[in-house]
Amino acid sequence: MFSLSPENGDHLRELREKLRQDSRDSLQLLKNLKDNPICSIILDEASRCITVVWKQYATNTQFRYIHENLLMLICTHRVCKILGDDTALPTIPSEDRAWIIDKWFPRAVECGLRFAASKKPDTYFGKLSVGQIQSAAPADIECRSFERLDEAREWLETVAARVG
2 MFSLSPENGD HLRELREKLR QDSRDSLQLL KNLKDNPICS IILDEASRCI TVVWKQYATN
62 TQFRYIHENL LMLICTHRVC KILGDDTALP TIPSEDRAWI IDKWFPRAVE CGLRFAASKK
122 PDTYFGKLSV GQIQSAAPAD IECRSFERLD EAREWLETVA ARVG
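First residue of the sequence shown? That's 2 in our numbering, and the numbers climb one at a time after it.
None of these hints come from the bench; they were simulated from the model. Glycine included, each C-beta is placed from N, C-alpha and C at the ideal position. One thing to keep in mind: the hints can contain errors.
What the hints assert, rightly or not - In silico DSS-like pairs for lysine-lysine, Cα to Cα no more than 27 Å straight-line:
1. Lys-121 / Lys-104
2. Lys-19 / Lys-104
3. Lys-128 / Lys-104
4. Lys-56 / Lys-35
5. Lys-128 / Lys-56
6. Lys-35 / Lys-104
7. Lys-56 / Lys-32
8. Lys-35 / Lys-121
9. Lys-104 / Lys-32
10. Lys-19 / Lys-35
What the hints assert, rightly or not - Quick list of simulated restraints, FRET-style, between CB atoms:
11. His-12 / His-78: 26 to 32 Å
12. Phe-147 / Lys-19: 16 to 22 Å
13. Glu-158 / Asn-33: 14 to 20 Å
14. Thr-159 / Ser-41: 22 to 28 Å
All chains should be modelled from the sequences, with the hints used to inform the complete structure.
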């Protein structure tokens with residue numbers, strides 16, 4: 002199983018240092034991972050689900066910092082589902098899409114992530130980005146995208162019966 006090894010700590014430390022030297026939004030992200038100008042993160046331990054509400058574009062460093070922290074939450078709290086409100090997500094650069102697919106997904110699977118549902122972004126390039134990531138997800142993670150957030154949430158509730 003994936004472990005929160007020292008190299009993960011080193012990577013997070015590097016990301017934190019980059020964020021400290023970045024924008025005001027990055028500093029706010031560092032101060033409050035759960036609610037900042039880039040996203041809000043809500044952990045529901047009872048349903049083993051994390052909800053991520055994207056508020057704006059995330060830089061490469063912000064995007065990876067958020068996802069590394071999501072990975073820690075998945076591992077620590079045995080989360081098996083993620084719900085994404087991607088409405089305000091304008092796009093995800095190709096480098097970050099590749100990183101999610103090649104680096105983040107395998108570690109998330111090791112930690113127990115099995116289901117991901119999202120509300121489609123409003124923008125064309127956002128939809129394209131999310132669609133590419135979801136279509137390249139490993140077979141161990143079932144991904145679905147919906148027009149409305151409540152539809153995505155309802156689908157995740159139906160898969161709860163399949164979670165062991």
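Outcome of the hint check:
For the suggested pair Lys-121 and Lys-104, the alpha carbons sit about 23 Å apart, so the restraint of at most 27 Å is met. Distance restraint check for Lys-19 and Lys-104: the Cα-Cα separation of roughly 20 Å lies within the 27 Å cut-off, and the hinted pair is therefore satisfied. At roughly 21 Å between alpha-carbon atoms, Lys-128 and Lys-104 fall within 27 Å of each other, so this suggested pair holds. In summary, the hint linking Lys-56 to Lys-35 is supported, as the alpha carbons are separated by about 12 Å, within the 27 Å threshold.
This hinted pair checks out: Lys-128 and Lys-56 have alpha carbons roughly 15 Å apart, not beyond 27 Å. Only pairs whose Cα atoms come within 27 Å are accepted, and Lys-35 paired with Lys-104 is accepted, the gap being roughly 23 Å. Proximity of Lys-56 to Lys-32 is assessed by CA-CA distance (about 17 Å); at most 27 Å being required, the pair is judged to hold. Taking the CA atoms of Lys-35 and Lys-121, the gap is about 21 Å. The hint holds against a cut of 27 Å.
Of the pairs offered as hints, the one joining Lys-104 and Lys-32 holds, with about 26 Å between alpha carbons and a cut-off of 27 Å not exceeded. Taking the CA atoms of Lys-19 and Lys-35, the gap is near 19 Å; set against the 27 Å cutoff, the hint holds. Range check, His-12 to His-78: Cβ separation about 20 Å, and the 26 to 32 Å hint is violated. Remark: the range hint 16 to 22 Å for Phe-147 to Lys-19 is contradicted by a beta-carbon distance near 34 Å.
In this structure the supplied range 14 to 20 Å is violated for Glu-158 paired with Asn-33, their Cβ-Cβ distance being about 28 Å. At about 24 Å, the CB distance of Thr-159 to Ser-41 agrees with the hint of 22 to 28 Å.
Checked against the numbered hints above, the structure violates hints 11, 12 and 13; every other hint is satisfied.
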